[in-house]
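Peer 1: With chain A fixed as given, assemble chain B onto it according to the hints.
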Amino acid sequence: MVKKRLSKRQLVILKVTVFAVCLWPFSCIVWDAVNNLLGADPIQTLHFRTGDWALRFILLTLSLSPLKRLLNSPLPLRFSRMFGLFTFFYASVHLLVWLVLDQSLSLDNMIEDVPQSPYIILGLLAYTLLIPLAATSTAAMMRVMGNSWFTLHKLIYLIALMGVIHFFWLTKLDDIEPLIYAFVLFILLAFRWPVIKRIFS
Amino acid sequence: MLIKKPALFTEKETTSKEDFYNSRSLISKSRRQFLLQSSSIMLASGLAPSTLWAGNKIENYKKSILSLNEKPTAYEYVTTYNNFYEFGTAKGDPSVNAHLLKTKPWSVTIEGEVGKPGIYNLEDILKRQQLEERIYRLRCVEAWSMVVPWIGFSLAELIRQMEPTSKAKYVEFTTLYDPEQMPGQKRRTLKWPYVEGLRMDEAMHPLSLMATGLYGEEMPKQNGAPLRLIVPWKYGFKSIKSIVKIRLTEHMPTTSWNESAKHEYGFYANVNPQVPHPRWSQRRERIIGAPLFTPKRDTEMFNGYGEQVASLYKDMNLKTFF
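Chains A and B, in that order, are what the protein sequence lines are. Per this note's numbering, the very first residue in the first sequence carries number 1; after that it's consecutive. Per this note's numbering, the very first residue in the second sequence carries number 202; after that it's consecutive.
Chain A with its partners taken away, still in its complex shape:
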């Protein structure tokens, strides 16, 4: 049985714990980078590890409202902002790895590389769409924006889809991993079928 209500203190402890757990992958990545444990192809390893976590967090964020229904408890929704912001965090690190390590912060490099690499264009677009969601994630912004906040934040469905396609597009041959992400996303979107139908009607 899931407890319906937690005390304020319990909730704080739970949130701090979950926050620490969400930071754990990042700590591991930093540890490996500092200790030269990223292997033969460190840039690629960083790309994959940060990208994986960005995708995982967007899927985790999307799993909260189905979880709320399954558990019949509002507790999961207490974490939607945190998970959403961790998505943004890992996506930002992912982008930073590309900017600093892959492109050496050179605009010339980017001007040459980006038009030749469609998956990068898609990734950059997806990241751009994440920015307004992160910027409007505060309670105050929710109050100010009212209903339009919910409309704006439906962008997360599109961003998740772009993220998964981004992964598919850069994969050379073995599609197993992107297929797993696509499968999970498909299940999570299926829960929202009525909402999605409304968007497109």
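To be clear, the hints were calculated from the coordinates, so they are not data collected in a lab. By construction, the Cβ of each residue, glycine as well, lies at the ideal position given by its N, Cα and C atoms. There could be a bad hint or two in this list.
Using 25 Å as the maximum straight-line C-alpha spacing, the simulated DMTMM-like pairs for lysine to aspartate or glutamate come out as follows [said to hold, decoys possible]:
(1) B:K520 / A:E112
(2) B:K446 / B:E381
(3) B:K263 / B:E460
(4) B:K392 / A:E177
(5) B:K520 / B:E460
(6) B:K520 / B:E334
(7) B:K387 / A:D174
(8) B:K392 / B:E381
(9) B:K368 / B:E314
(10) B:K463 / A:D108
(11) B:K463 / B:E451
(12) B:K520 / A:E177
(13) B:K303 / B:D402
(14) B:K446 / B:D516
(15) B:K387 / A:D108
(16) B:K387 / A:E112
(17) B:K392 / A:D175
(18) B:K258 / B:E418
(19) B:K387 / B:E418
(20) B:K392 / A:D174
(21) B:K328 / A:D174
(22) B:K303 / B:E418
(23) B:K463 / A:D174
Okay, the calculated bits of chain A under chain B, using three or more residues with CB under 8 Å as the criterion [stated by the list, open to error]:
(24) 14 to 25
(25) 162 to 172
Peer 2: Below, chain B without anything else, positioned relative to chain A:
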């Protein structure tokens, strides 16, 4: 080094051309006999195959003037960062799974437009070659590169020994197919067995190498033991591993990656920073084993071997024939 020892297989096993083309079962029968024969010889001499050659140092090879004057990538990375889908699609899979491959004994079928077709054991092939060390840059189509001190012999020399007929226009290479030894073949990632090919003039080029070792020792299994191709001006996937068949043909062979995605992987697959892969740029490459903040390296035309090989393609549009 094995070629210096008395040959374990003194009789070259060859089949006449007629026999060879008349019956496939004959081939498999003779191959079975060959395998039985060789294993009994080994038992008789008291040597188990695994203790015979594992990790052996190669002696008596000369240094090639065709080598790059660069420090090779660390042995650890050369032998653990491998694209060899027969053992799994992750870079670390081959070094974990390749122990399943039995490389001794090993035979290579020579067939097609040649004067001397047959099934040759590798020992016999090697006896006739001069080994040399060549330090080449390997540029993968995935936009990374490493520098490897290969040991091998000239492919051109081997082809001359095969006595090509006037109809021989292409060389087709085939990797072993045996899902028990190569568990990656249980998944249909590519169509197995792996096949690669070269135009005759490419194969006859002095840079084209048949490699049997690296870093002064026999080829680690994950790197394509016991016999692999190295064509340094082409993307790595052209350099086929664990070769069991070499066929000279009149027509361009169907090659594995080309068949898997025609618009992404051409038959020629020459390293060319001006021609992007449809999904990623080829202008720069990550240097394997380099510290984290090392900028990527500018990819060179023909992987830096343009002076030697550009003339092979002088009348070709390399954007069309990528």
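Peer 1: For every hint, state whether the structure bears it out.
Peer 2: Right, here's what the structure says about each hint:
no. : hint            : verdict
1   : B:K520 / A:E112 : holds, 17 Å
2   : B:K446 / B:E381 : holds, 19 Å
3   : B:K263 / B:E460 : violated, 38 Å
4   : B:K392 / A:E177 : holds, 20 Å
5   : B:K520 / B:E460 : holds, 19 Å
6   : B:K520 / B:E334 : violated, 33 Å
7   : B:K387 / A:D174 : holds, 13 Å
8   : B:K392 / B:E381 : holds, 16 Å
9   : B:K368 / B:E314 : holds, 6 Å
10  : B:K463 / A:D108 : violated, 30 Å
11  : B:K463 / B:E451 : holds, 21 Å
12  : B:K520 / A:E177 : violated, 32 Å
13  : B:K303 / B:D402 : violated, 32 Å
14  : B:K446 / B:D516 : violated, 31 Å
15  : B:K387 / A:D108 : violated, 44 Å
16  : B:K387 / A:E112 : violated, 40 Å
17  : B:K392 / A:D175 : holds, 15 Å
18  : B:K258 / B:E418 : holds, 4 Å
19  : B:K387 / B:E418 : violated, 30 Å
20  : B:K392 / A:D174 : holds, 13 Å
21  : B:K328 / A:D174 : violated, 40 Å
22  : B:K303 / B:E418 : holds, 17 Å
23  : B:K463 / A:D174 : holds, 16 Å
24  : 14 to 25        : violated (count 0)
25  : 162 to 172      : holds (count 3)
The structure fails to meet hints 3, 6, 10, 12, 13, 14, 15, 16, 19, 21, 24 from the earlier list, while all remaining hints are met.
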